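Listed here are the chains, written in short residue letters.
There are 2 protein chains.
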Amino acid sequence: MHPFTTEADKAIGAIGEAELIGRIRSWLGPCTPAAPYGMGDDCAVLQKKSNLSAIDPVIYGKHFDDSVSPQDAGAKLLKRNLSDIAAMGGKPNDALLALTPSANLRLDWIEQFIGGLREVAERYGVTIIGGDVAEAPGEAFIAHLTITGFAEKPIPRRGAKTGDTLWVTGSLGGSIIGKHYNFEPRLREGQWLADHGSVRGMIDLTDGLSKDLPQLLPDGAVALLNLDQIPLSYEAHSMAQKSNQVPLYHAFSDGEDYELAFALAAEAEPEAFLKAWKNEFELPLTCIGQISTVSEMSDDRLLNSETQKAISFGNGYEHLFIRP
Amino acid sequence: MHPFTTEADKAIGAIGEAELIGRIRSWLGPCTPAAPYGMGDDCAVLQKKSNLSAIDPVIYGKHFDDSVSPQDAGAKLLKRNLSDIAAMGGKPNDALLALTPSANLRLDWIEQFIGGLREVAERYGVTIIGGDVAEAPGEAFIAHLTITGFAEKPIPRRGAKTGDTLWVTGSLGGSIIGKHYNFEPRLREGQWLADHGSVRGMIDLTDGLSKDLPQLLPDGAVALLNLDQIPLSYEAHSMAQKSNQVPLYHAFSDGEDYELAFALAAEAEPEAFLKAWKNEFELPLTCIGQISTVSEMSDDRLLNSETQKAISFGNGYEHLFIRP
Numbered sequence: 001m002h003p004f005t006t007e008a009d010k011a012i013g014a015i016g017e018a019e020l021i022g023r024i025r026s027w028l029g030p031c032t033p034a035a036p037y038g039m040g041d042d043c044a045v046l047q048k049k050s051n052l053s054a055i056d057p058v059i060y061g062k063h064f065d066d067s068v069s070p071q072d073a074g075a076k077l078l079k080r081n082l083s084d085i086a087a088m089g090g091k092p093n094d095a096l097l098a099l100t101p102s103a104n105l106r107l108d109w110i111e112q113f114i115g116g117l118r119e120v121a122e123r124y125g126v127t128i129i130g131g132d133v134a135e136a137p138g139e140a141f142i143a144h145l146t147i148t149g150f151a152e153k154p155i156p157r158r159g160a161k162t163g164d165t166l167w168v169t170g171s172l173g174g175s176i177i178g179k180h181y182n183f184e185p186r187l188r189e190g191q192w193l194a195d196h197g198s199v200r201g202m203i204d205l206t207d208g209l210s211k212d213l214p215q216l217l218p219d220g221a222v223a224l225l226n227l228d229q230i231p232l233s234y235e236a237h238s239m240a241q242k243s244n245q246v247p248l249y250h251a252f253s254d255g256e257d258y259e260l261a262f263a264l265a266a267e268a269e270p271e272a273f274l275k276a277w278k279n280e281f282e283l284p285l286t287c288i289g290q291i292s293t294v295s296e297m298s299d300d301r302l303l304n305s306e307t308q309k310a311i312s313f314g315n316g317y318e319h320l321f322i323r324p
Numbered sequence: 001m002h003p004f005t006t007e008a009d010k011a012i013g014a015i016g017e018a019e020l021i022g023r024i025r026s027w028l029g030p031c032t033p034a035a036p037y038g039m040g041d042d043c044a045v046l047q048k049k050s051n052l053s054a055i056d057p058v059i060y061g062k063h064f065d066d067s068v069s070p071q072d073a074g075a076k077l078l079k080r081n082l083s084d085i086a087a088m089g090g091k092p093n094d095a096l097l098a099l100t101p102s103a104n105l106r107l108d109w110i111e112q113f114i115g116g117l118r119e120v121a122e123r124y125g126v127t128i129i130g131g132d133v134a135e136a137p138g139e140a141f142i143a144h145l146t147i148t149g150f151a152e153k154p155i156p157r158r159g160a161k162t163g164d165t166l167w168v169t170g171s172l173g174g175s176i177i178g179k180h181y182n183f184e185p186r187l188r189e190g191q192w193l194a195d196h197g198s199v200r201g202m203i204d205l206t207d208g209l210s211k212d213l214p215q216l217l218p219d220g221a222v223a224l225l226n227l228d229q230i231p232l233s234y235e236a237h238s239m240a241q242k243s244n245q246v247p248l249y250h251a252f253s254d255g256e257d258y259e260l261a262f263a264l265a266a267e268a269e270p271e272a273f274l275k276a277w278k279n280e281f282e283l284p285l286t287c288i289g290q291i292s293t294v295s296e297m298s299d300d301r302l303l304n305s306e307t308q309k310a311i312s313f314g315n316g317y318e319h320l321f322i323r324p
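Those sequence lines, one after another, are chains A and B.
Residue 30 in UniProt numbering is what sits at position 30 of the first sequence, and the numbering runs on without skipping anything.
Residue 150 in UniProt numbering is what sits at position 150 of the second sequence, and the numbering runs on without skipping anything.
Isolated chain A (complex conformation):
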């Protein structure tokens, strides 16, 4: 659905900022707190104790296009932020919603966008406590969501050590076929992993293994990966048939898997760990390799454990690249 209209009476510009905020409040229903606090005040008042915060946008023309329903776009905005909370092992709390639309945004489009966001907010118990509306230049729709959450012991990306094993949840690659909307943030899994105590570095896979996995590595360390063990999605195989690439390429380069990758302490028992996971979750969990060091200096961070050679399946999704 195309977000913009030339019919002035069907656009948000026809009702102005105050009325738009009032409507968003009513569309959100029980997901936004009653006055005196909540949307429309100078600050939002956090409802719960929080120590985590993240901000991520969805942008028309970049993160979605006319082929995507406004509900799916709104749902994705919250889900991608929830995935960041999951990657720290946290529970989500409150959110701020900042909309930057042009005045010709369709009113029925933004109502459905908020509806999709609300559905996810209700499912995960997130409250939209405030935000902002500002007019974008040109014809544009940009929405930022700031999420807050809490983790007793947040798991950073950089906490792993040499000898730790590397794991991923679910299966990877080919998200463009549909998974980049049709995913669930791994919140319950992330919390379980944080509670386990032996997970000491974690990230959610948004830009592909090539770009995301090196973030888990200590300075100077490499990942020795068992390529036979990378869990490939059905979509990775489908994509490979069209792209003339091997399915592994898509797991390393596509991004937007929204699965968790993490390092398990070398001291932990992998078999017992996997058994405990399987008692709790149906979602596959796979050990894909180990953190190691190599004698010769190189920029290559991901190596094939069999050949010790660099893995080169593209560089993951690169942002802000000026295309020729």
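By construction, these hints were calculated from the structure, which means they are not laboratory data.
Values in this document were obtained by computation on a predicted structure and should not be read as measured data.
Hints may be right or wrong, so weigh each one.
A pair counts as met if it fits within one copy or between any two copies, since identical chains are not told apart.
The calculated DSSO-like cross-link candidates involving lysine-lysine, where the alpha carbons are at most 30 Å apart (straight line), are [what the hints assert, rightly or not]:
| # | residue 1 | residue 2 |
| --- | --- | --- |
| 1 | Lys278 | Lys161 |
| 2 | Lys161 | Lys48 |
| 3 | Lys49 | Lys153 |
| 4 | Lys62 | Lys161 |
| 5 | Lys153 | Lys275 |
| 6 | Lys275 | Lys49 |
| 7 | Lys62 | Lys10 |
Position chain B against the provided structure of chain A, taking the given hints into account.
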């Protein structure tokens, strides 16, 4: 200074997202925490106990143009968010910075923008703990900042009652001449007012008295304003000479004063209150009227206390209005 360039090697697109985040981190220096937490992780970890949060953007072509230095634009982004914390009576803590530039943004421009933001962050003890970088469509620069803060007892906009007196700090109008960059968020004043205990509704003046003052009024109440008492700035008088409007028009309509307006409980002693203020601050504080009710129903919320007639000096700054 114009933010964009056609010379690819001088633009942020030449270095990519990861390198840009690294440079922002170094430009921020002591204002951003060391690893493992801080910019670049999935979530930021809040450094201090917070119960307040707000998000506000600056947008090229809307909030600033080529006549504004990048330093001033960066400083304004943080200051307008700090003004929201001030309006709740809070102290600022941590911030997230979300940049949405097009890839042709000048590297030297964004370095200076961050420099201006850092100067304000250092002055007010704010730490930039995380954020996001995403590419804007077209040629654009949008920056959102999410601020967190803490107030023992946050002052909402809507807490005032009939009979309360209405007050404003500083002087109003004509901000476009320079004050919309050259302002200080009224943090110390807002905290003092919250501590005083008799202030029960507060807002920062961003859209002009016409639009902001009604936000303080209980349902069905009006503000009886003593127009002789509205504190007019030098700039309001300057503007009036060019605009063919009275100076009062600019106090009601211009916006971006970043002063505080608040309601003092009817039970409080105005003279003792003003004396206590003057012991603490040089900044003027003025009682401009009182909250009241009127017998006949009307949409007019701001009345001249002498004539009981509606005050009509424009409607304040209206966002998202489709211009013909």
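Okay, the hints, checked on the actual structure:
1. Lys278 - Lys161: Within. Shortest intra-copy distance 25 Å satisfies the 30 Å Cα cut-off; inter-copy 59 Å does not.
2. Lys161 - Lys48: between (33 Å within a copy, 28 Å between copies)
3. Lys49 - Lys153: Both. Shortest intra-copy (14 Å) and inter-copy (15 Å) distances satisfy the 30 Å Cα cut-off.
4. Lys62 - Lys161: Answer is neither: 36 Å inside a copy and 48 Å across each miss the 30 Å cutoff.
5. Lys153 - Lys275: within (23 Å within a copy, 48 Å between copies)
6. Lys275 - Lys49: Neither way: Lys275 and Lys49 sit 33 Å apart in one copy and 38 Å across, limit 30 Å.
7. Lys62 - Lys10: both (24 Å within a copy, 23 Å between copies)
In summary, the numbered hints that this structure violates are 4 and 6.
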